[in-house]
Amino acid sequence: MKFLIFILQFIFIYGFFFLGQLLCELFSIPLPGSIIGFMLMFAALSLKLFPLRFVESTATLLLSFLPLYFIPATVGVIEYFDVFAGKGFFLIAVVIISTLLTMAASGLTSQYLGRRIESRKEQE
Amino acid sequence: MMETILLALFFIIFTFAAYFLMNLLYIRFHYSFLMPALTATFVIVLFLLMTDTAYDTYMIGGQWIDSLLGPAVVALAIPLYKQRKLLFDNLVPVISGILVGVVIGMSTGLALAKLFGFSRTLLLSLLPKSITTPVSMEITEQLGGIPSLAAVFVMIAGFSGIIIGPAFMKMLHIKTPIGVGMGFGASAHGIGTAKALEYGAQEASVSSVAMSLSAVFGSFLAPLFVWIFYL
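Protein chains in written order, with the numbering used here: chain P, 1 to 124; chain E, 1 to 231.
Simulated from the structure, these hints should not be mistaken for lab results. You may find that some hints are simply not true.
Restraint ranges, calculated between C-beta atoms of paired labels, are given here [what the hints assert, rightly or not]:
1) P/28 with E/89: 33 to 41 Å
2) E/230 with P/60: 35 to 43 Å
3) E/167 with P/30: 19 to 27 Å
4) E/2 with P/82: 33 to 41 Å
5) E/230 with P/122: 44 to 52 Å
6) P/84 with E/95: 29 to 37 Å
7) P/87 with E/13: 34 to 42 Å
8) E/42 with P/82: 31 to 39 Å
9) E/9 with P/7: 32 to 40 Å
10) E/88 with P/30: 23 to 31 Å
11) P/4 with E/119: 44 to 52 Å
12) E/167 with P/115: 19 to 27 Å
Chain P is nowhere near these chain E residues, computed Cβ spacing over 12 Å in every case [what the hints assert, rightly or not]:
13) 1
14) 201
15) 230
Built from N, CA and C at the ideal position, the CB exists for glycine as well.
From just these sequences and the hints, can you work out the full model?
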């Protein structure tokens, strides 16, 4: 019975992904089909078109193995080892520097705005 | 035909086994560099190199696991929906932080890589490095980059975020749950969110919201950055 529920919920979630892909191709939207599916799922839940429990258990199970699904694609780096040879080493430095800048910018922005809103609330 | 099915089965089971064994190792020792996404990939790459197996042969089985990525991205809407109260209560700081993060992440990545004179393909693969792997691979593919390289850059971003990030944020006096969660989620995606959990539940929730919404905003903005930088 549990397995049947899992299969049905999975097909349901897959349907959103399929719909996303379909819309993406039909209207040549320059977004990943999965992101369109993600937005549709969030919209459907927010509009309460169906209850959360319809998808919750399978979504949780699916997400608990998320790193597994991107292993096959990552293994593909085997065909691009030469990219990191010689000058390619700097690519790693670029990624590290840019990541830290991202962290500083987003962290400081959110912290500053969060504190400002808090203090304004306290004044009221 | 029979051989194809056997090969597919073998590589599916092999990938599962590598993932679960490496997961056990990670649970036992809990060092960041033992994260199964990294170690299992390493084990499989080593196996393919030692047995002189082509990547295409591995993908006869690998593609089946790969096909779960799309539905998994859709499933990310469920945790975001569960955290909608946190999102709507802090809408301005959260959305602003994510927008600033995506813009700074993509522009500095492109600018620096361009400065060093890297090829267009590499720039496109590096562009979505702060976005969770399944989405960043799709963004890169649509723009004409190499998804496998994107996955590697995303991993480097994640690890630099959690290894240097804690001391770096301390130095910058980022310490509120919203600031810390945003810093990890917007720059180091899922790996950062796992780290944010060590700080507290609120940090982890902010980080997970930041990760999901960075993926959405990043998908919209990535084509725009390509357009700006190549015009």
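Hints, one by one, checked against the model:
{"no.": "1", "hint": "P/28 with E/89: 33 to 41 Å", "in the structure": "37 Å, holds"}
{"no.": "2", "hint": "E/230 with P/60: 35 to 43 Å", "in the structure": "41 Å, holds"}
{"no.": "3", "hint": "E/167 with P/30: 19 to 27 Å", "in the structure": "38 Å, violated"}
{"no.": "4", "hint": "E/2 with P/82: 33 to 41 Å", "in the structure": "36 Å, holds"}
{"no.": "5", "hint": "E/230 with P/122: 44 to 52 Å", "in the structure": "48 Å, holds"}
{"no.": "6", "hint": "P/84 with E/95: 29 to 37 Å", "in the structure": "36 Å, holds"}
{"no.": "7", "hint": "P/87 with E/13: 34 to 42 Å", "in the structure": "39 Å, holds"}
{"no.": "8", "hint": "E/42 with P/82: 31 to 39 Å", "in the structure": "18 Å, violated"}
{"no.": "9", "hint": "E/9 with P/7: 32 to 40 Å", "in the structure": "20 Å, violated"}
{"no.": "10", "hint": "E/88 with P/30: 23 to 31 Å", "in the structure": "28 Å, holds"}
{"no.": "11", "hint": "P/4 with E/119: 44 to 52 Å", "in the structure": "50 Å, holds"}
{"no.": "12", "hint": "E/167 with P/115: 19 to 27 Å", "in the structure": "22 Å, holds"}
{"no.": "13", "hint": "1", "in the structure": "22 Å, holds"}
{"no.": "14", "hint": "201", "in the structure": "17 Å, holds"}
{"no.": "15", "hint": "230", "in the structure": "15 Å, holds"}
Hints 3, 8, 9, counting from the list given before, are not met by this structure.
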